[in-house]
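Student: Chain by chain, the residues:
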Amino acid sequence: MKKRILICDDEEPIRLLLNEALKDDYEVVVCDNGRDAIKYITKEKFDLLITDIKMPGTHGLEVIERIRERNKTIPIVICSAYKLLEDDIVVKTSEVAAFITKPIEINQLRTKVFELIGV
Amino acid sequence: MEKNKLSFLRFILILTTILVMTYSKKGLHFGEPGYTIALIYFILSLIFSRLPEKIINRPWFSFLSFLFDIIIISLAIYLTEGIETDFYLIYFLAIFISSVSQSVNGSIFIAIVASVVYAWLIHREYPGISFLDSRFLIRIPFLFVISLVSSYWAESTRRELRKKEELERFNIELKKEVERVTAREVELRLYNERIINSVASGIMVVRKDGIITTVNPETERVFGYKKEELVEYNIKSINGIDELWQKMEKAITEGKPIIRDEVEILNKDGERIPIGFNITLFETPEKGVSGCVLIFKDLSEIRRLEEKAKQNERLSYLGKMASWVAHEIRNPLTSIDGFAQLLVSVDDKEKMKNYIEEIRKGAHRINHIIDDILTFARSKKMEFKKVDLKDLINGIIQTIKVKVVFEPDGESAVQGEEESLRRLFVNLITNSAEAMDENGLIKIIFENQDDFIITHVIDNGKGIDEKDLKNIFTPFYTTKPRGTGLGLAIVKKIVDDHKGKIEIQSKLGQGTKISVWLPAWNKGG
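Protein chains in written order, with our numbering: chain V, 1 to 119; chain P, 1001 to 1525.
Because the hints were derived from the structure by calculation, they are not lab data.
Possibly wrong hints are sitting among the right ones.
Unchecked claim - Incomplete in silico selection of chain V near chain P, CB under 7 Å:
#1 E11
#2 P13
#3 L17
#4 D24
#5 A81
#6 K102
#7 P103
#8 I104
#9 I106
Said to hold, decoys possible - Simulated pairs of lysine to aspartate or glutamate, DMTMM-like, Cα-Cα distance not exceeding 25 Å:
#10 P:K1353 with V:D47
#11 V:K54 with P:D1371
#12 P:K1349 with V:E105
Stated by the list, open to error - Computed footprint of chain V on chain P, listed as stretches where at least three residues anywhere in the stretch have a Cβ under 8 Å from a Cβ of chain V:
#13 1250-1264
#14 1337-1350
Heads up, the beta-carbon is just placed ideally off N, CA and C, and yes, glycines get one too.
Modelling step: build the complete structure from the supplied sequences, incorporating the hints.
Tutor: Here's what the structure looks like:
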């Protein structure tokens, strides 16, 4: 059975891109806001979450905190255009497994995902 | 009558009495009653003369003292047996003195007393003498005549004197009053001068012919000239304030004040100083408009601060814009770059097509962002043509998914640039549409007001809270997670470029009404 990845980004092209890049090796579910992401994580089992941090409904790192309240183990990868935030987030939240900045290197993304959850 | 004069006259009377007594038939001998009388008379008179003037001038006192004179004189006549001599002439002297120093009534009474006593003395000396005797017929009436004439003369002299005194008093009062008024005027002038000098605004009064009559220290400071270099000089001869004089001349000739205007002057050092001013007319009921009063504020400091604020604003925009551009462009760029990477390793034609489509979408998105920036940053002059808002808006609402009520009637043509206006209304209407759910309704109404067409865009969406309403036109301020923050800033920019006006009224949970004023198209062009 394929491992499951939840992708959360408010930009449709980014969702499409991530889906296209990962769907051959993983079962990918997409949503466009933090609230939906929290709902998915609560109801279903996922092996990895890839999420943006600037999205409708929830603000910044709030999504990560609330997901952690519900699921302590799932690795989280942040995918954001805000490069400057990278260090801050890693320092503040040891909960974040990786940080990918936009624009995305597809191979780098695939390698990172493989490192975290295998195939 | 003055105390000294009266005393002097009285001593003449005493001396005359004593002299007459000395040279009378019986003569004046030490130890005799006459001598005693003369001595008493002299001493008493000496005492009288030492009394305070207040008492001496009392009518009853002077009356009593003259009565006393008459009695003494009569006694002297009696004791010196001088009835047949010229002694009686002293009565005349006594009556004369009495009449110059008291009222007519008083002196007549003294004359009566003298006559009675004199008549009694004669009668005592010559019992049975006829009243037709010359002593009665001539001397006594003469006493009255002297009394009347001298008292009338004295009275009129006194009256003159009083008049003169009154006149003098009046003159002194008048002089004092003039001094008081002059002092008050000086005080008032100083007071007014102090007010003018302490006003923080510049004040300048100029006559119709251009002669400067008043300036205050602020004027000296701003213009850079000393008061002496301005007052009494013609404003036309001062370099760098010609435009200001033109405005003053206009106000004077048209008889209309100029309120809140601005002009640049050159000060003495040739520096440009922006001033904000009011010109009011200087007019009097008698002469009408004789000049004008200029009241102004030096705007250099305000301008400097404004410039600084603008610069800060520009820098702040630049920072916000940089971060906005980075974020906005990075998303489509990620998509373009990502799909291009996927494209390299894909064989499926259908997939390829999809990826290329996504790449193009990303490129379009970037193009749109660049358009937004250019519209916002553009400062080129627009060429205005006739644009019918009815057609323009009809075109836009075809593409909107929300229900729109738009039933225009009346004039709807404005002066504007069609592309900009389309962008304006696209932004406004989509903005409203985004604020609504499936029950949303947008109403668009035109209204004609003076030379403007007002377009009201009313929605029943979620409304805007007060804090956001204040910043609604601020560039890069957005409440929508996916908004660019430029939509309404662009709207405002376009409205400003068209010299129009925009107003927003909104209530949370009830909806928003946006009204846009645009200059109406007039057939003349």
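Student: Closer than 7 Å between Cβ atoms is the bar; does V:A81 clear it against chain P? Give me holds or violated.
Tutor: holds, 4 Å
Student: Less than 7 Å between beta-carbons is the criterion; does V:L17 satisfy it with respect to chain P?
Tutor: For V:L17, the interface hint holds, since the closest Cβ of chain P sits about 4 Å away, which is under 7 Å.
Student: Can you verify the interface hint for V:K102: is its Cβ closer than 7 Å to any Cβ in chain P?
Tutor: holds, 4 Å
Student: Count the residues of the region 1250-1264 of chain P whose Cβ falls closer than 8 Å to any Cβ of chain V, and tell me whether that reaches three.
Tutor: violated (count 0)
Student: Hey, P:K1353 versus V:D47, does the alpha-carbon distance stay inside 25 Å?
Tutor: Distance ~31 Å between P:K1353 and V:D47 Cα, so the pair is violated.
Student: Would you settle whether the hint for V:E11 is holds or violated, based on the nearest Cβ-Cβ distance to chain P being less than 7 Å?
Tutor: holds, 5 Å
Student: CA of P:K1349 to CA of V:E105, is that 25 Å or under?
Tutor: Status holds; Cα separation ~23 Å.
Student: Using the nearest Cβ pair, does V:I104 come within less than 7 Å of chain P?
Tutor: holds, 5 Å
Student: Under the criterion of a CB-CB separation shorter than 7 Å, is V:I106 in contact with chain P as hinted?
Tutor: holds, 4 Å
Student: Would you settle whether the hint for V:P103 is holds or violated, based on the nearest Cβ-Cβ distance to chain P being less than 7 Å?
Tutor: holds, 4 Å
Student: Holds or violated: is there a CB of chain P closer than 7 Å to the CB of V:P13?
Tutor: holds, 4 Å
Student: Within 25 Å, alpha carbon to alpha carbon, are V:K54 and P:D1371?
Tutor: holds, 24 Å
The structure fails hints 4, 10, 13 (numbered hints given earlier, in ascending order).
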